[in-house]
Every structure is written in structure tokens, then in C-alpha cells.
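Chemist: Keeping their order, the protein sequence lines are chains W and X.
Under the working numbering, think of the first position of the first sequence as 1, with each following residue one higher.
Under the working numbering, think of the first position of the second sequence as 330, with each following residue one higher.
If you're looking for bench data, these hints aren't it; they were derived computationally from the structure.
Careful: at least some of the hints might be erroneous.
[Said to hold, decoys possible] Here are the simulated BS3-like cross-link-like pairs (lysine-lysine), alpha carbons at most 27 angstroms apart as the crow flies:
#1 X:LYS358 with W:LYS129
#2 X:LYS358 with W:LYS229
#3 W:LYS281 with W:LYS229
Number of protein chains: 2
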Amino acid sequence: MASAPRPSEDALIARFFAPLAAAGGLGLKDDAACISPRPGHDLVVTTDALVETVHFLPGDPPDSVARKALGVNVSDLAAKGAEPVGFLLALALPEDWTESWLAAFAAGLGEAAGDFGCPLLGGDTVKAKGALTLSVTALGEVPAGRMVPRTAAKAGDILCVTGTIGDGALGLDLRGDPAWAAALDAGERDFLAARYLHPQPRHRLAAALRENARASMDVSDGLAGDLAKMMRASGVSATVDLDRVPLSPAAARAVRAEPGLIDRIVTGGDDYEILCAVPEKKLDRLRLEAEGCGIALSVIGQVVPGHGAPVFRTAAGERRYDVGSFSHF
Amino acid sequence: MASAPRPSEDALIARFFAPLAAAGGLGLKDDAACISPRPGHDLVVTTDALVETVHFLPGDPPDSVARKALGVNVSDLAAKGAEPVGFLLALALPEDWTESWLAAFAAGLGEAAGDFGCPLLGGDTVKAKGALTLSVTALGEVPAGRMVPRTAAKAGDILCVTGTIGDGALGLDLRGDPAWAAALDAGERDFLAARYLHPQPRHRLAAALRENARASMDVSDGLAGDLAKMMRASGVSATVDLDRVPLSPAAARAVRAEPGLIDRIVTGGDDYEILCAVPEKKLDRLRLEAEGCGIALSVIGQVVPGHGAPVFRTAAGERRYDVGSFSHF
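Just chain W, with the same shape it has in the complex (with noise of 0.2 angstroms):
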């Protein structure tokens, strides 16, 4: 136990949080948050958690926490199509904790919230037995009955991807100092550590998904384990072009340097990138609100019928994943 004294719940509530609640969070001094949702929508829900060590790592800034944490959170709603809402935090905060890191942890919270128009409505804080845990439940609507759902997938549908893919696996394998990290400029080795700390929703482009994706849902666990769960829940199959598959110009550095790496940027996970399965004929009204809300888009390959794993060509031939997504077991 710390022998310092420490604040009540209550006090560090008001103290940290209270000023970062929206109304419906009756300033944090309710049981319970308060919603009304509006008319003819429906309200999307869903709660992801992360682990010290093993979703962000000790030393990692306590604004990027939290900035990841609620980060994760509002992409799986922009993938439904959904205008986040706001969100709750479950905080379970080991006994070594400081005020001046609960202090950048709330900052950051507050900027992010800000960022994604997604304000704190309530929570709950309590004593970690092990490493700082957070859940994060986020709450976003879709009018009655459009949220874009994992399952609609069809035969002839194209693939797209926003942003570029591999960037937060290989900002996480940047700490272990692998050889091809000397083939990279100090710039390019920044843009992926942040792009592993600093995940970036697209919930600008949730309207854009409703009215032209079939299927969609946010990479996390590898862009090959992912399109293989959304191809299965959908009954379907899918074929990529590796080449088309976006890297910023920092993964294709390190890609040249180490070509083996392209593997690891497929299966790598840690994207937060939007994968989407859309009717040709909305193919060119996606890219153009994408481009209006500047997010880029690429197409990847195409859905087809069958129930294999999903085939990745390139130059050389075909390649299957069969690891599939990151296993958290």
C-alpha cells in the first residue's frame, strides 16, 4: 500500500474527471449517465480494454494512453457507421500511481474526447491488483437500422482499406531496435512510433461507410486475420493484391530494407484503419467523401464467392495467412 495519503474516488473525480463530462454525464455526480438518444436512430455500443504491457507498454505517455484507449473505441463505432455518442472509463489504477500522471492521463483524455467528439459521460475508478487497466465502453448512433454491419459482405464487392497498413506493428517492433530500423530517417522512425501510440479514428468518415459500404469494421488484430473474420461472417472469400495494400512511405523503406517485413505489416495489427466491402457502383461516391473528409482510400482487392482464407498475390505468386488474427491467448 502507498503510504502517502491519498485522495478519495470522490475527490479525484472532481478533481480529474468531473471537468471533462458532458451533459450527460450530469458533471459525474450521478450513479449513472443519462442519454437521450435522437429520434429514429439506433445506438451503437461496443467496450474495448487495454493492458499495460500488453496494449501500450510501462512508460508509455499517459496522455497516449488514454488518447489510444478511447482511440480504439471510437474506431470499431466509425466502422459501424456510427457518430460517436460519448464513452464511460472503467479505471483500475495500480497502487503506485501519481497524481502528476493522472493529471496528463485526464489531459489527454480531454483533448482526444475533444478531438473525436466523444465526451467522457461517466465511470468508474478502482484500486488495480497488478498492471493500470482501463476499459473504455463508447456509446455512437446510426439512424434506425443503417449500422454497417461485419456480416454483409457479397461476391463482387470491392476492397478498400483508409490510411496505410503496418505502421503501428512496426512503430511497436521499432523498440526492439531491429536491424531494419537503420535504414530510416529519424522522421520516418517518429511517424511510426506515433502511429503505434497515437492511433487515429476515422469517425469523419462513419456518414460516408452508411451510405456506401455493404460490410466494415476497423483493423486491429492484422489486416489479414480481420478480412478473414469479416469474409467468414459474411460466408464469402476474398482475393487481395499485396501491391495495392497502402504503406506510408515509411513501411515501404523498411519493407525494401527488409522484405520479409511485408508479412509483418499484414498480420501485424494495431492499424485502426477501416476495411470495407463496397458495391462497385459506390465505389466512386466512398472515394469522394473520403477525399472530402481527407482520408485516403485504396482499393485492395475484391470479395469472391467461396470459404477459404482469404488469398494475398503478388509478382511472385499467392500467399495465405493461416495464423489468421493476433491471438490474445
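For this one, chain W is given, so just place chain X on it according to the hints.
Modeler: Frame of chain W; chain X shown alone:
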């Protein structure tokens, strides 16, 4: 790391949790749950985290842990006058989890979800670094604008609690084999132990609270502290007749054996009963409706003007509990 092969998160969800999922949870095959709120209703959302050794003890039966994690959240909904809609679970499993533990946990969760009318909508399962940690986020609904707040008690209102107070705290203390345990028979000891393990949320009282209570909260951190919190939030104070605080036969016998235990009963926590402030003219109605639900309701005191800590009166004099709520830090 465990050396035995473990099922992936997807396999684990499919096997243990998908069978519990409600329609809104889409069979847990999507990244988010989708809820269609009833027109003219607000959504009430609450989250509570439980950590092994802090909120339950190693060796507690897994079905009890599951029931408690859901029960404490449904208790919050009940206090707000909300009917359960469903819940999400974020589960951080330590490395030594076993399939038999998880099977029993899922079975208990399913049973509790049925008992409380609060189905599983979604969740996340991750690897813990340290003790088992669970966060439940529960959603409920109330007719628009009708959530029962913590902040609206008025001088003159009658203070009531459901059930009996102090059983949970004594049930926890029993594990340390205190001297007073000898005064109880085995049935009484079992009763108190079960009250700690299995809080009974008063969800059936939700509608009656909406109709009749001005302010309400659930007693989780000790009656004295939670009452002080509700009075402070409402800008009033309270007087309580300590002799009218309802005790179970087991708790009453413990107090006869060791009179000082009354302070533990009033400050101990883990009650998960409802504390509410009721306008005098609505008291009979609330009593009647509680009786109709099979829930005991006791008048314990009155809301009074002022800002001091609530006063607990006994034949011998008055006492105030300065410590207030259990502090988690």
C-alpha cells in the same frame, strides 16, 4: 506464459459467451452491439469495475463473481429507476485461467442475466497482467426525463432503504473468523456470507422509484457515506434513527454479541440496497408497490435543511460518521 495451447479470443467468445448474447448483441459476431431505444425513452448507462482481492476474493466461486459483477451494475440502474436493457463485459483474465473456471463464470453470468432481465450485448476479453479484473457497463431505459437523480432530495422528504443493511460487510468480515461469529448459528453465518457474495439488485422496484422517489442511489460504499453523498449532492442534510436501520436476524444477533458492530454495519458497504428520499405523501404508495414486488422497505429518517454530515440518533445520543464512504485509495 501458460504453456498449454489456448483457444483464441474468437473461439473463447463463440464457446462461452455467444450463447448468452441477446439479439442486440448480434450473436457477438460484430464489433459492436446495436440497440433500438424505445421511442420516448432515455438511456441510462453505468459502469462498475471489480478487481480480485479488492471487490471479491480469490477462490470465490466463478459463478458468484459473475453474478456480483452484473448485480452491482443492475443495482445502479434500479436506483435510477431504469429497466435493464443489457450489458457489455470487459474481462481481463490472468494467465492461469482455466476452461472450467470460465465455463462456470459464463454459466453464472447467463443465469444472473436471466434473473435480472439484463442480457449480454457485447464485450472484450484480454489478458490481464495481475489479478482478474472485470468491467461491466449496463444500459437501462426510463421514460424520457424520468431518471431518478441523486441530487434532488428536499428537506421534509422521508428517507427509506430496501432490504437490510450491513449483511454484506459482516459477510466479508466473517472470513476473518471474528469473535462475534461464535454467537451465530451456521444458517446465520451462511446467510451473511451469501449476502456478500450475491448482492440482490432491486430492479423490480425501478418503476415504483420513478413514480414515487425524489432522489435515489444504491448503497454500495456504506449507508452513512452514501447518505452523506446524496445529501451533499442535494444541498441538504438528514437525521437517521439508528434503531430503525433494518437489520437481518443474523446481523441483529451479531450486534447483540458485539454492540460496536453497529458502526461497521452503517459504514461497511457491499449492501446494494436502495436508499431513497420520498415526499411524505408518496410514501404509502411506494410502500405498497415495494410490498407488491416482495421487497422490504424501511423508513430510517428524514431529510432536513442544512449542510452538515447526517446525524444518526440513538436512545443514547447522536453520532456522525466523519469517515464517510469507503475510499478506494
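Chemist: Taken at face value, is the distance from the CA of LYS129 of chain W to the CA of LYS358 of chain X at most 27 angstroms?
Modeler: At roughly 31 angstroms apart (the allowed maximum being 27 angstroms), LYS129 of chain W and LYS358 of chain X break the hint.
Chemist: Can the restraint linking LYS281 of chain W and LYS229 of chain W be considered satisfied, given a maximum Cα separation of 27 angstroms?
Modeler: Answer holds: LYS281 of chain W to LYS229 of chain W is near 24 angstroms, not above 27 angstroms.
Chemist: LYS358 of chain X and LYS229 of chain W: Cα distance at most 27 angstroms?
Modeler: Holds, at about 9 angstroms.
Of the numbered hints listed earlier, the single one contradicted by the structure is hint 1.
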